[in-house]
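Listed below are the residues making up each chain.
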Amino acid sequence: MDKALIPEGVKRCPLPVFGLWMLVLFAVIAWGVYAGLTVLIKGLHVTGLNNYFGFGLYICVDLGIIALGAGAFFSGFMYYGLSRFFPQLKELHKIINLAVIVGFCCYTGALLVLLLEIGQPLRGWFGYWHANVHSMLTEVIFCISCYAIVLVIEFVPIILENRKLDAVKPLHIFGHNLHEIMAIFAMTGTFLSFFHQGSLGGVPGVMFARPFAYREGFFVWPWTFFLFTLSAMACGPAFTALICRLMEKVTRKQLVDRSVYELIGKIEGVLLLIYLILKGLDTLYWALDTAPGFGLKLSDFYKEPYGMWLLVAELGICGVIPVILLLTPQARKVNGLLFLAFFLDCAGIVINRFAMTVEALAIPVMPFDQWAVYIPTWAEWAPCIAMLAYGAVIVSLSYRYLPIFPRERELNP
Amino acid sequence: MGEVKNSTSKKGLGIVFFLAGFVGALILGWVVFPNLLYSSKTQPVTFLHSSHEDSSCEDCHYFRDDGSYSGVPGVAKCAECHEEPMTESEDERILVEEYIQQEREIPWLVYAWQPDNVYFSHAAHTEEQGIECVRCHRDVSAEEKMPVYKENRITGYSKNTMKMVECEKCHAEKGASNSCHICHK
Amino acid sequence: MSLGRRAFLQFVGGAIGGTLLTPIPWKLADDSAIWTQNWSWRPSPERGEITETTGTCLLCPGGCGIQARLVNGHRAIYVKGNPDHAVSRGGLCPVGAAGLQYLYAPYRITQPLKQTGKRGDPQGFQPIAWNEALKIVADKLAAVRKKGLPHTVACITGQDRSSVTDLWKQFFAAYGSPNLYTMPRHSDSTRLAVALATGYDADLGFHLEKATYVLNFGAPLLEGWAAPVRIQQIFSRWQTEQPGLPKTELVHVESRCSLTASKADRWIACKPGTEAALALGIAHVLIREKLYDAAFVSEKVFGFEDWTDAAGALRKGFKALVLAKYSPKDVAAVTGVDAQVIQELARELARQKNAVVLWGQSSDTPNNLYHDLAFLALNALIGALSDKAMVSLVPSQPWQALPEPAMDLEAFKGLGQKPLGQPTSVPKTKVRPNTLHAFLNALANGEEYPIELLFVHEANPAYGLSENTLAVQALQKAGMVVSFASYLDETAAYADLILPNHNAFERLDDVIGLPGAPFAFYAVATPILKPHYDTKSTGDVVLGLAKTLGGTVAQSLPWKNYEEVLKLRAAKIAEGATGLLVDATFDPASVEPGVSLRANFKKAADVWKKLTAGSCWVEAPQALDACTTPSGRFELACQGLLASVSTNAGDELFMAHYKPLPPSGNAGELPLLLTTYRSLSLAPGYVPNAPFMNKLLPDDLLLKQDVFVEVHPETARKLGLRHKAKAVLKTPLGEAPVRVRVAPTVPADVVALPEGLGHTAYDEYVQGKGVNANSLVEVHLDPVTGLGTVWATRAQLRLA
Amino acid sequence: MVIDLDKCTGCGACAVACQQENNVSFRPDESDKLRTIAWMTLYRLDNGKDYPEHREAMLPRPCMQCDSPHHSPCTFVCPVNATVRDEHTGIVDHIAVRCIGCRYCMVACPYHARSFNWWDPKWPKTMEAMLSPEVSPRMRGVVEKCTFCHHRLNRARDRARINGEDPDGVVYTPACAEACPTGAITFGNLRDPHSDVARLAKDPRAFRILEKLHTEPKVYYLSSDQWIHKQSDNDLS
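Residue numbers (full-length UniProt numbering), protein chains in the order written: chain Y, 1 to 413; chain E, 1 to 185; chain B, 1 to 800; chain H, 1 to 237.
Hints are supplied without guarantee of correctness; some may be wrong.
What the hints assert, rightly or not - Some chain Y residues well away from chain H (every beta-carbon gap over 12 angstroms; in silico):
(1) PRO14
(2) PHE194
(3) GLU304
To be verified - Derived pair list, reagent style DSBU-like, types lysine-lysine, alpha-carbon separation capped at 35 angstroms:
(4) E:LYS163 with Y:LYS42
(5) B:LYS536 with H:LYS125
(6) B:LYS724 with Y:LYS297
(7) B:LYS567 with B:LYS602
(8) H:LYS125 with E:LYS77
(9) Y:LYS90 with Y:LYS3
(10) H:LYS125 with Y:LYS42
What the hints assert, rightly or not - Some chain E residues near chain B, calculated using beta-carbon distances under 8 angstroms:
(11) LEU13
(12) GLY14
(13) PHE17
(14) PHE18
(15) LEU19
(16) ALA20
(17) VAL23
(18) ALA25
(19) GLY29
(20) PHE33
(21) TYR149
(22) ASN152
(23) TYR157
These aren't lab readings, by the way, just hints derived from the structure by calculation. Because the structure is a prediction, the values reported are computed rather than measured. Virtual Cβ for every residue (Gly too), placed ideally from N, Cα, C.
Looking at chain Y on its own, in the form it has when it is part of the complex (with noise of 0.2 angstroms):
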């Protein structure tokens, strides 16, 4: 039955070695659900949580996620957009299918997590029914909920490419007229995502009464809202890169043709020079400008534990440093190299979503007030770790029993 069901003409591990993987994999997710379900049973008092810390992990994690499941859309948006322009991203062929998928992983998983999130699980519909057209939250909640469907519908077609379903006629049908219209999700995905990543950049920077995250703007979007998007840009595909590069490693297989890497290398070092260069003035200009307006100056901010070092972890270490090396054509060639700055590209992100959520809640706006940490629980990692397991759960079955990587074939003769 195994067998039936992996591709033709690929080879996979024997089936007790996965099975053991995926019971490794089940076991994460079952702490998590344990963790999960403690939190919804007994209340998130069980978090490291606090009436200072609203945000915490939970929605760090959905922030950092979201962000590294940008490259379904942004590879979509290239490769079934911009390619008609640009002919050279007909290459991103090769990875899109991987794509679709991480970004599933990413989008759902983050939906789960942010279902513990909330105090009142069972209300979690009114964001929708009773829905608050100036909150951020409610852009957010609804645009990636509507993007996470399109994701699903983007995902069913790879799954109907199953040897088995392929060979059921009206699936086959089903999912080859799916194909056709992908272009059409993958605009709406596009446009879907480029506005959820942006408010979800809004979120703290429409808090115009929290020096730290407020940032002014365009109309009614501050400019988190654009920064937030072009760093999702500047990070998804490099995600996707890296993900495909560890399985890579993990199969011992040649997946897809380096010079796709070197392609989202290139792509992913422009953008990310982009959004360093506007984040740069972004800052300077809310370190110069916004929060003397304030009171506050730069240093005020950042306070052990959320030191100086923040900052310059995530604009020097894992911005300038990455931009360097994808934009040297020798830096890319080097495999080392590359996947170090994919790595800090992404990390750069995390720690930017770290700093717009946790951070900006441990500075004191009230003079006389304190300072405060956040330590999180072991009830707020389990359910972010069993969702990377649910994420690895979801590639693994994918690689094993779909034709994902269209290049495996002739890659791994």
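Use these hints to put chains E, B and H onto chain Y, whose structure you have.
Quick look at chains E, B and H alone, frame taken from chain Y:
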């Protein structure tokens, strides 16, 4: 290739199965579900407004000086007339012996019961303001027996509890404020 | 099989489609959300008619008028100040505002209890019927009296301003025991000082409403001193600019940066416990620079100049002693206050027309007699006791309401016994020294005579008495302990029998006199609602016991119930026909000493009606003329002390002087001084902190179960202690775990510990939080009065 | 609302009265100040100087009912309209039964005026008797905050209706102002130029907390101490 031959009949059968599921669900949802959702309860004592026509509405349902509304009267009010049974009725015996004499309040099931978080100002919804009692409450004048009290098993609400949309709608129509704290506490 | 599966899928598809067209998913989503809005485990408060009743708060001696809101007349949901009340005018302190949490406390005693196990075992209490319980007590009382040992019955009451205390007095006189004590108060020592200086038995009243300058030696005005709400309102008045009136200036002398110090117009930081020396230093400057009220001193004061005692010996007067010993330079060395500041303060004090001097560490710690005399002397020098009457004498019992007790031979014999443990040297004045510490000491050590039966009424000495371990030891030594506690507190735990009193909000009671107020005061506290447990008013219980005992005891307490006693008071007020029944329009500034107020009432029934409706009776204090001292004047040199100090005593021993009692322990091993402080958000008295109040405590005062001591940064550095570090605080009495709040609120080498924490009884909302300050501070018995005083304790603080 | 810090003695009667009036829940251990539920919080300020120049003061902080144009910081962000400012009264209300517990409003509020119900509120059985029916107890997983006792406003309006008066002209006092023994808290209609609060808000001693954020708090403070003024807002000097 025997499968191909069967496909049309299969398709026909398929629709039957589909319809069976569809109709079954409709029946379940529209007929069985509402009956399952509500439990029926009867009042601890039968009270007929029609038998109390010698008293006026305001004898029992009145505004207090602080602007609050008395709502359902307490057993002390009943005791004003029913210190001793006035008739042979079994219900009155229960009223007198089990409640009035023991100074216990009657656990009435209030049909229009609103939850804790609702602040309903009767003072703002009076007949002088053009809102008849029967706009929200049942007409009790000619009632011959008390209606069955239906309680939602999940929410604990009475089936007759007015939902917020109705309040909002009327407020919007009349130009009254729909600010949350007007009706919530 | 394939058909089956496919059919099943089709069926499911249809079902899903159909379900979406029914109310099921939508109604379920909606209803489950509604369910979360009305979770059954979340209490749903009963609705109904909301009414208001008035009453008087009995949680402290402040006598605030309150109003309670009730639902359907039986459930109290809110307590607020009564805006019509003469003294509190709608104000309330946090303890009063949290009062319902005592009324509905889970640690209320709901019925009489009898200890069936070992004394002190909380599990050993078993319910007992009232009549049985009362019979046990009555039998014991009869048996002891029969043995001819009535003086071995003792009582400690925490309610010294209620008619119940008068009933106890009456009962103990008729029964024949001198061992009736109240929980310590500052008035224990000031009343003695006043008696020695003036011959009157009176409390001191301070005319703060009129004052333009208040020099306060350590009295925690804003932390719950005297009648707390009255003081708060006076403070508020001082802070309000009134056109045409000079702003009242508050100068506060204290070692710690308390809230009063912070809020004062000027804070003079002195070394702990040296306030009296500063007062005498100021007196020195006043005398040297002739700034004192010379007319008053020469006409009304004795002992300012040198004097001759009864034996004919020439003795030095106050002037000579103060000039000799308290020069600003000397005082500066003792107190740490600049000599120049001392001079400044003296001149400022003299310049002001309406200046007044206040003092006292807290309302329930007696002071060193000589120090009380020093502050009193300073008030005399600035003329505060003159006709200006910034300080006046308020009779502690404005009228004798109860008839003289009938006493039989047994009663005379018993009452004539020396109170247990009382030193023979105590001054003989109209005021009976309340030597509770000495009593407990003797009882704990089995000295003199045993105590067969000990009543504890509205008091919790096992927690609330300084050196509370003494009380615990004493309780264990008593033959039988009967408690009237409403709550299962630390002391009640040691009782053999508990006859629970109604809670402070449930009982009919009264308030006789307001501490620190410059007028006589009487109010009736009416219950805000019916008692909801099987409890009995202690007043009624005392009357019932007297009746059971029969004979002269029953004759002395002939009233049917406690209400009758209170009505008798109302009748006496009507009979006396002086004083006013007042509401919030009452202006204390209009009261002048010695000028009786014209009564605005006639009939006793009328008085009762008004009193129970929340009116208060007030009357002017007495004038200072015709002191009943040997000299007939205000005595700076107290001749009354001749009997208690030896005849060849030094001249200093007759009058105010600075004489700290040396703390025990080795300064090398215990290099720091421990002082305690209180705050209005910590109930240190008979009731513990209510949960509502716990919310107010900052996390550098109480963190989980750890209390914080305040330490100066320099001391902390020296001891290697960081902010929030865990440490051990050690005094000669024991040691306790604490945490350190490093803050410059105290001088170097001083540790400050809050009072009111460290309860071992009650419930999980109270228990085990912090350390009981009383278990660490040292009591110094004043060698003259025998009263237990507290000022500072040697201590050590080390990293845990 | 105007709070006179010169008069405030930090006794906490306001906070206690508030808890009692509004059925604020409490727990055996209330020392975790980051998780406690408090509508009225007392902050301790000090002048930062050494002994004996050291001074401390207490600052009671209710919800500031921010009047910033269009939206308060919190109402702007609530995804489900659970917290909305009523432009007629100016009160920022929060409806616990609508709240989904996302805590975005808490994050947006710089005054920490909002608390989250981390636990199921639980009262000792005997103390359930003192819960007020005027304010519905909250449940776990929702945010709550000071409402300026708007239920008292509703009651006052009802009383006016019954007595034939104008329900829009009523005045009322919230629990904190009612309880304050020093009369430090004055409450009234800031929009009415003749009201005490409007007059006091113009006092030279008046300031608001964090004015630079343009949240436009409707709670004013009065103090004659410059060091307290200085701590009302962040300052670069």
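Exclusion check [GLU304 (chain Y) not at the chain H interface, CB over 12 angstroms]: holds (18 angstroms)
Given pair status - LYS602 (chain B), LYS567 (chain B), alpha carbons within 35 angstroms: Given pair LYS567 (chain B), LYS602 (chain B) holds - Cα atoms ~14 angstroms apart, limit 35 angstroms.
Agreement of hint PHE17 (chain E) with chain B interface, Cβ distance less than 8 angstroms: Status holds, d = 4 angstroms.
Restraint check, 8 angstroms cut-off on beta carbons, for PHE18 (chain E) near chain B: It holds, given that the least Cβ distance between PHE18 (chain E) and chain B is near 4 angstroms, below 8 angstroms.
Pairwise hint evaluation, LYS297 (chain Y) against LYS724 (chain B), where the allowed Cα distance is 35 angstroms at most: Judged against 35 angstroms, a Cα distance of about 29 angstroms means the pair holds.
Hint consistency between LYS536 (chain B) and LYS125 (chain H) [alpha-carbon to alpha-carbon, up to 35 angstroms]: holds (23 angstroms)
Chain B contact restraint for ALA25 (chain E) - C-beta distance below 8 angstroms: holds (3 angstroms)
Interface hint outcome for LEU13 (chain E) [beta carbon to chain B under 8 angstroms]: holds (7 angstroms)
Hint consistency between LYS125 (chain H) and LYS77 (chain E) [alpha-carbon to alpha-carbon, up to 35 angstroms]: Status holds; Cα separation ~30 angstroms.
Restraint check for LYS163 (chain E) with LYS42 (chain Y), where alpha carbons must lie at most 35 angstroms apart: holds (30 angstroms)
Per-residue hint verdict: GLY14 (chain E), partner chain B, C-beta under 8 angstroms: holds (5 angstroms)
Hinted contact LEU19 (chain E) with chain B - closest CB pair below 8 angstroms: Given a least distance of 6 angstroms, the restraint on LEU19 (chain E) holds.
In the structure shown, a violation is registered for the earlier hint numbered 21 alone.
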